[in-house]
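K.L.:
This is what each chain is made of:
2 protein chains.
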Amino acid sequence: MKKRTMFLSMLLCLSVLLLGGVCWAQSEAGLQPAVTNVPGAQYPRIGADSRVEFRFKAPEAQKVQVQVGAVQTPFDMIKGADGVWSVTTPPIVPGFHYYYLVIDGVMVDDPASYTYYGVGKDSSGIDVPEKGVDFYTIKNVPHGTVREQWYHSKTTDSWRHLVIYTPPDYDTNLKARYPVLYLQHGSGEDETGWIRQGHANFILDNLIAAGKAKPMIIVMSNGYAAKAVPAAQPAPSGPAAGLLAEPRMTSGLEEELLNDTIPLIDSAFRTIADQSHRAMAGLSMGSMQTLQITTAHLDTFGYIGAFSGAGFGAGAPDLKTAYNGAFADPAAFNKKVKGFFVGIGTDEPSRMRDGVLAFHKTLDDAGVKHIFYEAPGTAHEWQTWRKDLFQFAPVLFQ
Amino acid sequence: MKKRTMFLSMLLCLSVLLLGGVCWAQSEAGLQPAVTNVPGAQYPRIGADSRVEFRFKAPEAQKVQVQVGAVQTPFDMIKGADGVWSVTTPPIVPGFHYYYLVIDGVMVDDPASYTYYGVGKDSSGIDVPEKGVDFYTIKNVPHGTVREQWYHSKTTDSWRHLVIYTPPDYDTNLKARYPVLYLQHGSGEDETGWIRQGHANFILDNLIAAGKAKPMIIVMSNGYAAKAVPAAQPAPSGPAAGLLAEPRMTSGLEEELLNDTIPLIDSAFRTIADQSHRAMAGLSMGSMQTLQITTAHLDTFGYIGAFSGAGFGAGAPDLKTAYNGAFADPAAFNKKVKGFFVGIGTDEPSRMRDGVLAFHKTLDDAGVKHIFYEAPGTAHEWQTWRKDLFQFAPVLFQ
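Residue numbers (the working numbering), protein chains in the order written: chain A, 2 to 399; chain B, 2 to 399.
Chain A on its own, in the form it takes in the complex (with noise of 0.2 Å):
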């Protein structure tokens, strides 16, 4: 197959030549369409390097760019003959990306790729492998199930949605009870990135089925939960409403988790519903919600998952006074809770870096017992929160 592919190539290259046209894209040997891809779509192709070829057809356009991740700066696309741009990209930082299409300035999603909640909206995603990494993708073993749970929060005022792994026995083992993680995403994101993106389901398939991690339930809520605010009570308006708007989106999280979800769980599911099997972990705006919800409510959770996120910006905090003055009594701390994990990647941007880093500092100095782990080669991306919660899950309910 492989072989009837490259004489195919060469005879095409020969005949582009031929014509005068460009050959690059039939010499990129071995390029595999990306498993974001929708079924049939070529491109995005992806090498063993980690570069990756982008084409998309835009016959009347002015400039075609490639925008991948937040921070990278956009690659020019260069126009064929047919009108299909094209780009192959550098060796692209491992892990799952969103990106897209920059069109006249127009910033869109590429037809190529699924979408994936993130950044405010349904973005393409592309996920680059990682060189004998393969803890997160589907195996042969065991699978648990992913639920999807509406309600109706009286937090919020309104229907809200969850999602939920079950280990791969709970349909079965019908006399066992588990313990929970409730797991948060990033700013910017919802409810299903944790699974989507994230592939929190089988990173637990496969830690469960290698006896590594206990069975438990995964319970992932929206971070956005703006209290429902009283008829009479008007919203923020004005020049800084805007600025109120991520605040006040946030603003019912703690409420609605203490008195909507953690309540729906435990009665709709075989839970264990005490503080030693009830731990809470996010990532980057997940991780700053943890800290303060996990830390104003040391007895109802057991162990605390911190990735990329501490929310004092790249300072310290100080330990007298923040997170609920939780840290305070160290000795307590370390007493209370079972386990404490704060993560992060070591290719993460400096303002991301520099205040996870400064935390676990601060902890390690004051005597606050945890784990400390910094995800090899990765950046303010999924592949490093991937990383994190392989790493935490082990630790979680032993």
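Hints are computed from structural coordinates only; laboratory data are not their basis.
Errors might be hidden in some of the hints.
The list makes no distinction among identical chains, and a pair is therefore deemed to hold if it is satisfied within one copy or across any two copies.
[To be verified] Capping the alpha-carbon separation at 27 Å, the derived lysine-lysine pairs in DSS-like fashion look like this:
id, residue 1, residue 2
1, Lys58, Lys80
2, Lys64, Lys80
3, Lys140, Lys155
4, Lys64, Lys321
5, Lys140, Lys228
With chain A held as given, fit chain B onto it using these hints.
P.N.:
Below, chain B without anything else, positioned relative to chain A:
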């Protein structure tokens, strides 16, 4: 709240008029953001008369249009001084539509709307309410669970993904066993369509709460199931390969369903695993698949739902030979099949409608018992299929 908004709009309108600008947007009183918008997106907006206002910022674009549904002529958008293109369409047929922005000749998704897998890609969707019709919206009734299950199929030799609805009492009424409806999507769609576009879960929740449908499991499988090709046998190539793609892609569904999906469901769920408690239905391509598969396995399926697809173009089938000869002996068919449903929307294009009408007439002439249902005022789109399911589900398993 509405009064304040109107007052603000008038103020804004006035100030814009004073500045010599255009005020049409603010003058569109009563338009509401679509339920299919991503959080925070104020456009598209829908009026009580079903007209839709679209907006999109593209300062450098030469021409922007919006294409709603498959058959509608694109609407030209008008560029404002701020680089925002906009248009308010005439009233649009109610229901769920895929739609696109056409920017300088390129069809792209609208970042303001969620995407839905259709037309072979993740496509923008807009749900236009139908006056007085709310059977598919979420209500304050007990809600079932939507589950995702991954498994390895022997037929396709690949990982596949099922979407499964379990009724509200499935996890509490642990002694109960349930009938199963296998429900197929249309061409270019996938197993997520019946939940995300169709709201099959809310339709069943509402029917079950009203005592109008039996609690049942619904299994949604991907209708594209290419039989695994032995390594020695090359895939089709040459000029005809493109034409062969769709039949080849669906060649394995019958085998996959019978040998992989149904045994998996009957072992993993508390089903009643017999013919009179097993139904199959589908829409468009899925309707043709349903007719072909059920008529070849009348000992397996006791109920058949054919929504908007008969499989013989605009013509009438020869019932002596078509559909595996299952209708050749109408009396035998009528005795064996407990419920047979044929549906079509009154506003479907004649190339869709004529074939289903001819099928219905042929069945009538031959004395094949069936329920014929015409969805009033809707097209070859999800509003028709929502209505079909709403009519068909109460027939099942009675």
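K.L.:
Against this structure, judge whether each hint is valid.
P.N.:
Verification of the hints:
| no. | hint | in the structure |
| --- | --- | --- |
| 1 | Lys58 / Lys80 | both (9 Å within a copy, 24 Å between copies) |
| 2 | Lys64 / Lys80 | both (8 Å within a copy, 20 Å between copies) |
| 3 | Lys140 / Lys155 | between (40 Å within a copy, 15 Å between copies) |
| 4 | Lys64 / Lys321 | neither (54 Å within a copy, 59 Å between copies) |
| 5 | Lys140 / Lys228 | between (41 Å within a copy, 21 Å between copies) |
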